[in-house]
Structures are given as C-alpha cells and as structure tokens.
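K.L.:
Assemble the whole structure, with the sequences as input and the hints as a guide.
Going line by line, the protein sequences match chains H and X.
The first sequence runs contiguously to residue 336 in this note's numbering.
The second sequence runs contiguously to residue 851 in this note's numbering.
Don't read these hints as lab results, they were simulated from the structure.
Think of the CB as a built atom: it goes at the ideal place given N, C-alpha and C, for glycine as much as any other residue.
Among the clues, some could well be false.
[Said to hold, decoys possible] Label pairs and their computed distance ranges (CB to CB): (1) H/K320 x X/T798: 34 to 44 Å; (2) H/K296 x X/L351: 47 to 57 Å; (3) H/G56 x X/I462: 32 to 42 Å; (4) H/K315 x X/N345: 27 to 37 Å; (5) X/Y389 x H/P244: 53 to 63 Å; (6) H/P302 x X/L351: 21 to 31 Å; (7) X/I462 x H/N126: 53 to 63 Å; (8) H/Y328 x X/R528: 46 to 56 Å.
[Stated by the list, open to error] Not everything, but these chain X residues come out facing chain H in the computed CB check (under 7 Å): (9) P469; (10) A472; (11) L476; (12) V522; (13) F523; (14) A537; (15) N744; (16) V792; (17) G795; (18) R829.
[What the hints assert, rightly or not] One side of the interface only, derived from the structure: several residues of chain X facing chain H at Cβ under 10 Å: (19) Y389; (20) E392; (21) F478; (22) P480; (23) T517; (24) D521; (25) R528; (26) L536; (27) S580; (28) Q584; (29) P681; (30) A728; (31) R787; (32) T802.
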Amino acid sequence: MKHFPSRRAVLGTASAFTLLALTACGGNVAGGAAAGNSSKYPAGPVTMTVGQAAGGSTDLIARALADGAAKTLGAPMPVVNKPGANGALATKEVAGKPADGQELVLLTASLITITPLAVSKDEAVNLDDLDIIAGLSQDDYVLVASQGSGFKSFKDVTAAGRNVTFGTTGVGTGSQLAQTVLFKQANVQGTDVPFDSGKPALTAVLGNQVELATIQLGEAMAQIQAGKVAPLLVFSEGRNSFLPEVPSAKEAGYDVPVAQYRAVAAPKGTPQEVKDKLAAAFKDTFKTDAYQEFNKKNLLTPKEISGEEVVTQWKDYAAKYKSLVEKYNISLSGNK
Amino acid sequence: MDFFNPVINGFSVVLEPMNLLYCLIGVVIGMLIGVLPGLGPAATIAILLPLTYSVEPVTAIIMLAGIFYGAQYGGTITSVLLRLPGEASSVVTVFDGYQMARQGRAGTALGLAAIGSFIGGTAAIIGLTFLAPVVAGFALDFGPAEYSALALLGILLVATISGGTKAKALIAAAVGLLLATVGRDVFTGESRFTFGSLQLADGIDFVPIAMGLFGLGEILYNLEERHRAAKAPSKVSNVWPSRSDLKQASGAITRGSVLGFFLGILPGGGATIASMASYAMEKKRAKQPERFGKGAPEGVAGPETANNAAATSSFIPLLTLGIPANATMALMFGALLIQGVTPGPQLVEQNPDLFWGVVNSMYIGNILLLIMSLPLVGIFVRILRVRAAILAPITALITLLGAYTINNSMFDVSLVVFFGVLGYLMKKFGFEPGPLVLAFVLGELLESSLRRSLLVFGGDPTGFFTRPISATLLVVFILVAVLPGIRSMLARRKGTTAAAASAVNGTNQNIKEKV
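P.N.:
Here it is as structure tokens:
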C-alpha cells in the first residue's frame, strides 16, 4: 500500500495548485467589493490583466512593471494572462469592471490604432472606455531582408523593379501596416504573406521563403547581429538607439511612423486620487535600476508619458493610419 | 565531438534534482495509470497539462514523456496477471502473457516484458539521438510548401492507419479539420464560425479539446463499465527469465525494437499498432505458430519491446518537424505550446537543452522503470481495487479546475464539458477521438501553410512540385492514398488463386492434426 500516499500527494498537489489560483481570483473579487473609498486605496491586490500569452514581450513588461509598482503601492500586483482577439478580450473585460483601480490592463497601442482597420467594429476596443494611467515604452519595428534576396538597403528594393514577397506578423498588426504603406509610397510591388507572429516570419526570412519581413526589434536582433538577415529600415520617427546605423523610414523619405507602444489603463471613471497614486507608483518603478535594465535588455525605448499624452498621441496615430490607408487605398484584410 | 557536446549537456539537464524528481513522478504516474484500465496516457497527460504550467518547459515535458512510456510498462502487468490490458498497446500481450501466468510463469512473462521494454526503449532513444539532428539539419528548408505537404500526409496517415473503422476515423478527422477553421482568418481578419463571440475570435484552444475528449470523455465512458471485483492475481515469482527463455525471446526483442522504432515515427502509428504488428510478425516467423496463444515467450517479448520502442520514436516527428504522430504526441505539442516553445525543425538548434534534456531523460526513465517495475508489481495490482466511484469524481474535478487555470477562463471550462460529452458519445458509438484531435492540430497548419505557399508561388500550385522536399512528400501522399485501392484490386484478381492456396493450407493443417 506504499503507493497510495504518492498518488494522493500528486492529486493533492494538483488540487492545491488549482485552488490557489482560484483563491487568488477570489481575493480580487473581495477587493472590488471593498472599493468606493479611495482614501484606502489599494484595498487588496491590484490585478494587472494582460491580453497576451505568458512569456511574450507584453507579458514580460507587465511583470517587470508589476514587480516594481507592488512595492510602492504596498499591495501585491498579480499579473493575469487572458489571451484572445489581440488583447480585445482582456481589455473589454477590464473595461467592464468596477472603476476602483483594483483592476488594471496592460494596453497595446496597435489594438487601438491599427486593429480597428482590419476587423469589424464590435471586435475593436474604444479608447474612451478606459482611463489611461501611464505610457510605458516603445517597441520598434525593423524591416529585414533575407540573404537570398540580395537586398542590402531599401534602395536595392526600390531598384529591383520586381514583385517582392514580404512576411508580416499577422493581419491588423503594425508589421503589416508599416510594410503595405511603405511599399505603396515607394511604388514597390509586393505580395503580403501573413504569419502568426514574429518568430515564424523571421524563420521564413532565414530560410529564404520570403524576401522581406517586418518584425519587432527584440525578435530580430540576434539574427541581425549574426549577419543572417540584413536590416534595411526602422519604422520609428528617429533612429533607434539600439540599431544606430540603420536609417529610419522617415530619413529615407517615407511617411510611415509605426511602432508598438504600451500603456497601463483602468476602467473609465476611476477616481483621480487612485489614478495619481498609481501613476506615482509607476513613476517610482521607472526610476529603478531593475526596470531600466529590463528595458535595455529587451531593446525597449522608454516612453514614459502621462495618460493624457498617451490618449492624444494614440488618437493622432489612429487618425494618421486611417488616412494613410484611405489615401493609398489599402485594405489590411486585402488577401480576400 | 561537436555533435556530442549538446548531447552530454542534455545529461546535465536531466541530472538536475528537480528534473530527476519529475522524471520519477512521471514514470510512477505512468505505471499507475498503465495498471488502471480505462484511463490511458493521453487522458492522463490531458488532465495534468495545467499542472506543468508552473515548472520549466524541460521539466514539464520530461514528466509528461515519463507518463507516456511508463504507461507502456504498467499496462503489461495487468495483461499478464489479470488478463486485463491496462493499455490498448498491451492488448496482444494478454494472449500469451496470461497463458504463461496460468502455467505458473507469470514472473518470466513480466521479466521478459520488462527487459524487452527496456531494450526497445533504449534502442529507440539511440535512434532518436542520431536521426533527429539529421532531420533538423533540413530545418531552414522547411517552408510553407513543405509544411502543407507534411500536414496533408499526416492527416491522411492518421485517418487510414489508426485503429478502428476507416470511415469513422475519416469522419472524426473531418470534424477536426472543421473545428480548426473556427476563429479569425489569419489572412483576411475575417471571423469564421465565431457567432459574434470574442471568446471564439482566436479559434478554439487545443487544450480544452484534448482535456474534454481524452480526459473527461474517458472518465464518463469508464463510469459506464460496471466496476469489476478485483480478481486474485496470479502469484509472481522468479522474475528473472531463464537463459533458454531469453534465448528464445532475443530474436523477438531485436525485431520488435526495429519494427517499433519505424512504426512509431510514422504519423498515425504508435505503440498500439507496433505491438500488434510485432505479434503478427512473430507468429508468422515462428516455426511452430500454434504455440502462440498458449504461452509463447516471444508473444510477450516482441510486442512489449515494440510498443516501448514506438512510444519513444514517436517523439521524432514531434521534436524535429513539429508534427505530432499520434494523439499523445498532439498533447505533448499542446504542452510545449503552453510553455511558449514551438516544436519544429528549429528546436534542436534554438533549444538544445530542452531537446536533449527530454531525450536523455528517457534513458534515466527507462532505467527507473526497469528497477521499479518488477519489485512493485504486487503494489500496483492492489491499486486496481480503488473504486471507480472514488476515482472518477476526483479526476473530473482536477480536469475542470485545470481547464480554468490555463487561461483563467470559464469559457474554457464550458468547452471542456462540451468536448467531454462529445468524447463520451464518440467512444460510445465507436469513433476514436485521436483522429479528430490530430486533424485539428494539423488542420491549422495545413490551411495556413497552403495559403501562405500559394501566396509565395503567386497562386501557381505546380510550385509544390518544384521544391524537392515537398515534391517527395506529395508523391508519398499519392502512393499512400492510392495503394489500398491497388492492393484490393490485385487481391480481387488473385482471389481465385488465394482460395486454392488456403484450401491447400487447410489440408496441411488437417494432416498435421492427424499426425
């Protein structure tokens, strides 16, 4: 009978593990119920919901931020991943929670500025349903070329005078928008090949399955340094400090500023004191060595601006992208 | 020595105490569920998937792999002692194993099975060690076109080779392909079959499907079986086979290793088919085939070797190409995805620690199993007395709690319940859930790769035949699709001669019996 305990132990661990997860959520519900009195903020743990899977760059940013902010706030800040629909699922869920500052969401700009150009209205998120607490950082896109393509600069692409194949990280992403607009402006004929995310798109460039691809710098850096792919352009407004020798699209004469920005948001109507407290906690985190080191390691450019600035900038980008898409008659879901 | 460096590093990964512990946990759980009829390795892995969320990817996969090959050992025990196969892959062991037990040679049967399993498993690991990097060497040549051809071939093989009725397997596979289309179209952003629900915008997650069909479905189905009173198992003594037994079985063990290894690599193959094929082969080769079914040691040693070899070698297509060969491998695929690791040609290069850690853990796991399986036989047999009325609710509860924790989503829990009921009904009406799950996994790959390659080819489908790897795969696909038809045509033509031959055989038999 020696083996019954071990089986029970296994079952026990399983249920303990799952129960733990349940009680963690239960704690938040209780926290929500105790709200309304903002002087006592935070009343229990502050949940940071992430609309992307664990381990991705958005998730890592949320965890680095929550680590620091939890110390200043004096309350735990668990990160909960609710992947789905590019983050729309998580964002809509948090937007519907009580506006007491106990529930936050890590928001990606593309969900507000680019995704609505590709999906139906009810799948898109409206920035007006949220209160933005603080802007975080900028994650740049870089256009890379395969060895087989022979492209060393963007001039080679425009001079090639033929149809090129380019990989994107998916429909309705910055990668797709940046490239389709760029090629229209540069008068380059291209075939848009969507991949599920950055990694498979990069693999396709490495294997000469596609000639070009636009991916986030963090994902491409290792292969750029190894000389396996050639960086042609970055899509930031100025040069990227991690890749100083690569020209920006603007320098090359193209008006297509696309990057991924991230910010923290709370449900609409969160009391001002709560927002101030949160913003202060994030500011403290930005100053820590650990957080700065994290940004550097992940090739993120800090863009630590106020919530109001985030709203104006993102709305400007949304309007700009919309006009670009209309001007060049681009359909992001154009492969139908 | 460049080749061996990562291999050796892999051993240092396995020998970390945490990984060793999980390897042990894995093989013990594997043996336990191998002993319990009904709950198979696929169901167990499905149920325990969320548990692996909190550990390192390599640790998680080491444990899950341990469950898989551990179950092959465990299944043997009940087959031999109680005439009750714990696993589908141990069904054929019943024929000769139980007979041996009745002749008072239960120990010999178990000993042969354990030794054969160890040899088969080890041989397959060695094959895996050398073959996987070769396949992975083609990593960057695998583009969308190659993946479409591979997925196509995989789905066909799964539907045609797997056990059960072919028509039902094809129906299940078709449903799987259909389910794979749910969600946002990756190429146009258009929503398909989402009924306006954001929950379905990304399609149906693989894990709830697997947990429902394999986990909950199995539990529900098993409840229907009346609980058997545990029979008194045969006495086990003298587990070390005699030299003459070993000599008799050595050929079967060698053949079983090779056969199992190759059948395991094949999509749709795996432990069950390998064990059956080995039994048939041994019977065919034997000088006195009539000994089979009456306690022939080869009839135990061959299939038991083959099922372990196949269980191990079925990791090859998963770890090198990202193509799961059978339902259990589809679950491993899911487990890796949860951990943020995409199995594929890049795995060996990008994640050598994970790859070699998992491969080498199988050596350790097999040794652990060999040490444990014989002394612990008596204890495992007693586990059969745990009543289903106790076991079923506990496992169902763990399944549902686990489903919640993956994405913190109640929707996933409802999905598990839905697919649990579907899985139960499928089993009840003779549909295997395996082809559905595999077609679901491969369907996504097939659709996106096919459309991607057509974009790259500029819409010209002949492009598939201009690339050597995809062309070869497509030729194999056509052969596999057409072969059964040709064979049955030939059989029909030969029909008359075959009848005559069997008549001759029949008379021979008569003569022998008279003699």
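K.L.:
Run through the hints listed earlier and report the numbers of any the structure violates, in increasing order.
P.N.:
2, 4, 5, 6, 8, 9, 10, 17, 18, 20, 23, 25, 27, 28, 30, 32
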